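Student: Chains A and B, in that order, give the protein sequences.
Residue 1529, in the numbering used here, is where the first sequence stops; the numbers in between run on with no holes.
Residue 1529, in the numbering used here, is where the second sequence stops; the numbers in between run on with no holes.
What the hints contain is simulated information worked out from the structure, not anything from laboratory work.
Since we're looking at a predicted model, the values are computed, not measured.
Any given hint could turn out to be false.
A pair counts as met if it fits within one copy or between any two copies, since identical chains are not told apart.
Computed list of lysine-lysine pairs in DSS-like fashion (alpha-carbon distance at most 27 Å, straight line) [unchecked claim]:
(1) K1307 / K1219
(2) K1227 / K1188
(3) K1219 / K1271
(4) K1480 / K1307
There are 2 protein chains.
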Amino acid sequence: MNDRFLKACRAEPVDRTPVWFMRQAGRYMPEYQAIRAKYSILDVCKTPELAAEVTLQPIQRFPLDAAIIFADILLPLEAMGLPLAFVEGKGPVIRSPVRSERDVARLAAVTGDAFLYADQAVRHAKQALAGRVPLIGFAGAPFTLASYAIEGGSSRDYFLTKRLMFTRPDLWRILLSKLANVVVEYLRVQIRAGAQAVQLFDSWVGCLSPRDYEEYVLPHTQHIFASLKGEGVPLIYFGTGTAALLKWMRKAGSDVIGLDWRVQLDEAWQTIGYDLAVQGNLDPMVLCAPTREIERRVKDILRQAGGRPGHIFNLGHGVLPSTPIDAVAATIEYVHRFGTLDRTSILA
Amino acid sequence: MNDRFLKACRAEPVDRTPVWFMRQAGRYMPEYQAIRAKYSILDVCKTPELAAEVTLQPIQRFPLDAAIIFADILLPLEAMGLPLAFVEGKGPVIRSPVRSERDVARLAAVTGDAFLYADQAVRHAKQALAGRVPLIGFAGAPFTLASYAIEGGSSRDYFLTKRLMFTRPDLWRILLSKLANVVVEYLRVQIRAGAQAVQLFDSWVGCLSPRDYEEYVLPHTQHIFASLKGEGVPLIYFGTGTAALLKWMRKAGSDVIGLDWRVQLDEAWQTIGYDLAVQGNLDPMVLCAPTREIERRVKDILRQAGGRPGHIFNLGHGVLPSTPIDAVAATIEYVHRFGTLDRTSILA
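Sequences and hints are given; from them, build the entire structure.
Tutor: Structural data, given as structure tokens:
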């Protein structure tokens, strides 16, 4: 098996920098669109054969170093009794948002049995991968799940989320504990079905001040990673806009920190500490630029990583729907070509 | 005159930490809503008597240490030939966005004459203030203006903006130069009419990587501050989500850097350097929390500032429309009560 990705997660040396992309199975691919023309996102997530097929699509097309199971970060909310709808142009919508004590009390404390479809999807995908590359499982993190649950969808300022956090810290704690427990169950199902690493997506945590992160979020992410430590797979923790949170995020207990493009990778890694691996951090928009620009920026990130063990190349967020296929292929090629142990070629 | 604000801009010692708020004249005030029930935003901006009246509203109600002229950050775009519309719930809309070489060429290189209404508004407001507190002028910064001009309004990911920047750097440079020149004219008008400080709002610059900021934005902000240095008033540079940009933003040449809540004020100030003043940085959402929470967080920020000369208290972004009036009053009171030279009372 190509184990560059798993080695890099453990900060072990590799022959070439491993690369995978968030949303590498997605709308920019015609074969994905063909599936989605017939099935909804939830259908694909919950039909193991379809989830496996979509998971494999980018692996068949590109020499990526990891696959990630096709799923949605909000599936834990659905299992807890909040039906999801995906509205074109608006993203996920939760029609009965969580805003009161009663709403929080009503959320079901589900166990792994609720995620049989995830177990099956991972098993199907693993079988289809046949050991070519490792398979990553994932889930939304408690803060990000809470923000969707409370706002009822995506948000610009997280007003209702913060209002609950600031005015009802007791209720906030109960909500985040419930979410964290379900996330542990969900990720454990994926690991036990064969996921060889898991990523916790705290996509919107960057809207918080460092103090609020430390007080209202960190204990819950710590609980998740502590609960999964014994499973023996690398744990990745990702968020966007986290430049000033990294010092606290490293205390959450993951093996890898995912970075977005709004930090310099070299500075961020120094802040986090070189005992953890880092993943990132090309602006997804760069893939819509001419290839010479992509090359320049890939080299810049590899130069910042400096050949130090423990760098996984990724975008700073998911692949955009309008990304050209060729740009994805070119990016992977540049990472593999220039991400060798000997980086003299890019030091110029 | 109460000159705490101006002294703090110059990093000189003051008796109490000065405080003002972005959008301190705004929808949270019934007297502002009463004006806006009769007049549009643009009407208020362009009618000197109304602009002055609204500017004074928060000064009459609260013991703030500075007034800021009522205006909109996008007025330079309007002067350049891009009519603005303000759509309820959507913010500003530009119906003929700038996306091609021809669009950029068509933008008028206006001079100060285009801003007679701003000259008059500042003069009226100064007269009404009668020296009670200093008056701040302001404008949007080139990147933020460009993002509205290109996207046609506010944006979540700045896709079109970055695409132009990445694919047509030549055109980008022309566009930002044009914007920077007009911003200089506009701010100069305000200063010469009596504005005692000016703030450049680069509200959305935090969506950029540090490298892109340095390459595509910094030269244009440098041009603005260099052009205004000789006017002899303090220059403030503000953006949100700028944790990893601060090192570069300080090179822009302002006297004060405005911080949002997503950084620790103490760490940010250390990064910027103590020779510059800092302004900030309470999360505006905190004003919707119980007053004991507001007090705790005001104290925390003042503790981080440590009584060092050169801290102006502000929110990390504008006052939210749903903010209770009493919370604004309480915040100002806490800043003045605890923001004394002797901070032993808050060190516990």
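Student: When no copy is specified for K1227 and K1188, does a C-alpha distance of 27 Å or less occur within a copy, between copies, both, or neither?
Tutor: neither (31 Å within a copy, 63 Å between copies)
Student: When no copy is specified for K1480 and K1307, does a C-alpha distance of 27 Å or less occur within a copy, between copies, both, or neither?
Tutor: Intra 32 Å, inter 53 Å, cutoff 27 Å: neither.
Student: First find the shortest C-alpha distance between K1307 and K1219 inside one copy, then the shortest across copies, and answer within, between, both or neither for a cut-off of 27 Å.
Tutor: within (24 Å within a copy, 65 Å between copies)
Student: Checking an output row: K1219 and K1271, CA cutoff 27 Å. Within, between, both or neither?
Tutor: within (20 Å within a copy, 34 Å between copies)
Against the hints set out earlier in the document, violations occur for numbers 2, 4.
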